[in-house]
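Chemist: I would like the entire structure built from these sequences, with the hints used as guidance.
Under my numbering, residues 1 to 316 are what the sequence shown spells out, in order.
Hint data in this document are derived by calculation from the structure and do not stem from the laboratory. We put the beta carbon where it would ideally sit given N, CA and C, even for glycine. Please note: incorrect hints may appear among the correct ones.
As the list claims (entries may be wrong) - With a straight-line Cα cutoff of 27 Å, these simulated DSS-like cross-link-like pairs (lysine-lysine) come out:
1. Lys188 - Lys82
2. Lys238 - Lys296
3. Lys188 - Lys166
4. Lys198 - Lys188
5. Lys82 - Lys198
6. Lys296 - Lys233
7. Lys198 - Lys166
8. Lys302 - Lys238
9. Lys82 - Lys166
To be verified - Now the in silico label distances, taken between C-beta atoms and shown as ranges:
10. Thr155 - Gln236: 39 to 45 Å
11. Val156 - Glu54: 32 to 38 Å
12. Phe228 - Asp193: 48 to 54 Å
13. Val25 - Val144: 26 to 32 Å
14. Ile137 - Phe27: 47 to 53 Å
15. Leu237 - Pro81: 40 to 46 Å
16. Phe89 - His172: 23 to 29 Å
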Amino acid sequence: MASINTSYLDPTTVTLIGIPGLEHVQFWIGFSFLVVCLVALVGNIILLIIIPSERSLHQPMYIFLAVLAATDVGLCVAIAPKMLAIFWFGSCSMAFDACLTQLFFIHTLQGMESGILLAMAFDRYIAICNPLRHTSILTPFVLVIMVLVVAIRATVLVGVLPVLIKRLHLFHSIVIAHSYCEHMAVVKLAAEDIQVNKTCGLLVGFTILGFDMIFILISYILIFQAVFRLHQKEAQLKAFNTCTAHIFVFLEFYLLAFFSFFSHRFGHVAPSTHILVSTIYLLVPPALNPIVYGVKNKVIRKRAAQIFLLNHRSLQ
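Modeler: As structure tokens, this is what we get:
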């Protein structure tokens, strides 16, 4: 019997199937992702409450941390509701324009997170390598400009991707083998030439992730060179302690990012593995960032404990 070729002209809806091959257990996987999302939301919202209200934290590092926290909250809100609805309630249908909107916000917020990590690395470089000029270099005006550049860069570059998808009209399928609307997962549905979309996706990825990763690496190489030149052991240990936590977040973010990025284009990784890793890449950094960056600070620890104690007493 001959196969029937089905095509869709300007589809209005798409279907997200979650994690291919793991449909029978994704109901339970959803609980793990819910816990990670709750940790991320609670941790980052606490940072957004504490940092603006505590004058001692009005420093470049913690201002960038507040922006990172807002970005992480946005990522959780962009991905979690629909993903959990797919896992728990089988709510797989999604308007095509809503899918492109989710795609835009997820990838824009990813780009912003990468840019903020670069800004934080630059702050550490100035603080350790040129401490006497730290406040004169990173003035409030410079901080605002840096955050605006990070946001505008991500918005403009990622904004091209859904626009290019909208120029495609014929699709061979409307079923997306993913738990959220990822760029290449959507592009691969098209029954037209997608070379422009693939090339543009690569350029956007390298312009944001590649550029940031290279300059973060350079920053930390220069930082470690400066640390090794310090004569006081205590100062060396303090600098290493600070940088180690940052490098952990940096490695976790970029290793998962590039695995997700390249496996979708060039690799032969099982779809379930790719989707699990790409989802972990989106949800785990927002949960880790408040712990790695926030818990180490005594003021943040103290204020967070006060918030939890007040909530506990109000419930009694």
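Chemist: Against each hint, give a clear statement of whether it holds in the structure.
Modeler: Verification of the hints:
Between the alpha carbons of Lys188 and Lys82 the distance comes to roughly 21 Å, so the proposed pair stays at or under 27 Å and holds. A hinted pair counts as satisfied when its Cα atoms are at most 27 Å apart, and Lys238 with Lys296 qualifies at roughly 12 Å. Distance restraint check for Lys188 and Lys166: the Cα-Cα separation of roughly 13 Å lies within the 27 Å cut-off, and the hinted pair is therefore satisfied. At roughly 9 Å between alpha-carbon atoms, Lys198 and Lys188 fall within 27 Å of each other, so this suggested pair holds.
Restraint check for Lys82 and Lys198: the C-alpha separation of about 25 Å stays at or below 27 Å, so the hint holds. Between the alpha carbons of Lys296 and Lys233 the distance comes to roughly 20 Å, so the proposed pair stays at or under 27 Å and holds. As the CA atoms of Lys198 and Lys166 are separated by approximately 14 Å, the hinted pair is consistent with the 27 Å bound. Between Lys302 and Lys238, the direct Cα distance comes to roughly 21 Å. Compliance with the 27 Å bound is thereby established for this hinted pair.
At roughly 22 Å between alpha-carbon atoms, Lys82 and Lys166 fall within 27 Å of each other, so this suggested pair holds. Restraint check, Thr155 to Gln236: a C-beta distance of roughly 40 Å satisfies the suggested window 39 to 45 Å. Our hint of 32 to 38 Å for Val156 and Glu54 holds, since their Cβ atoms are close to 33 Å apart. In this structure the hint that Phe228 and Asp193 lie 48 to 54 Å apart at CB holds, the actual value being about 53 Å.
The hinted window of 26 to 32 Å between Val25 and Val144 is violated, with their beta carbons roughly 46 Å apart. Between Ile137 and Phe27 the C-beta distance comes to about 52 Å, which sits within the given range of 47 to 53 Å. In this structure the supplied range 40 to 46 Å holds for Leu237 paired with Pro81, their Cβ-Cβ distance being about 44 Å. For Phe89 paired with His172, a C-beta distance near 28 Å keeps the hint of 23 to 29 Å intact.
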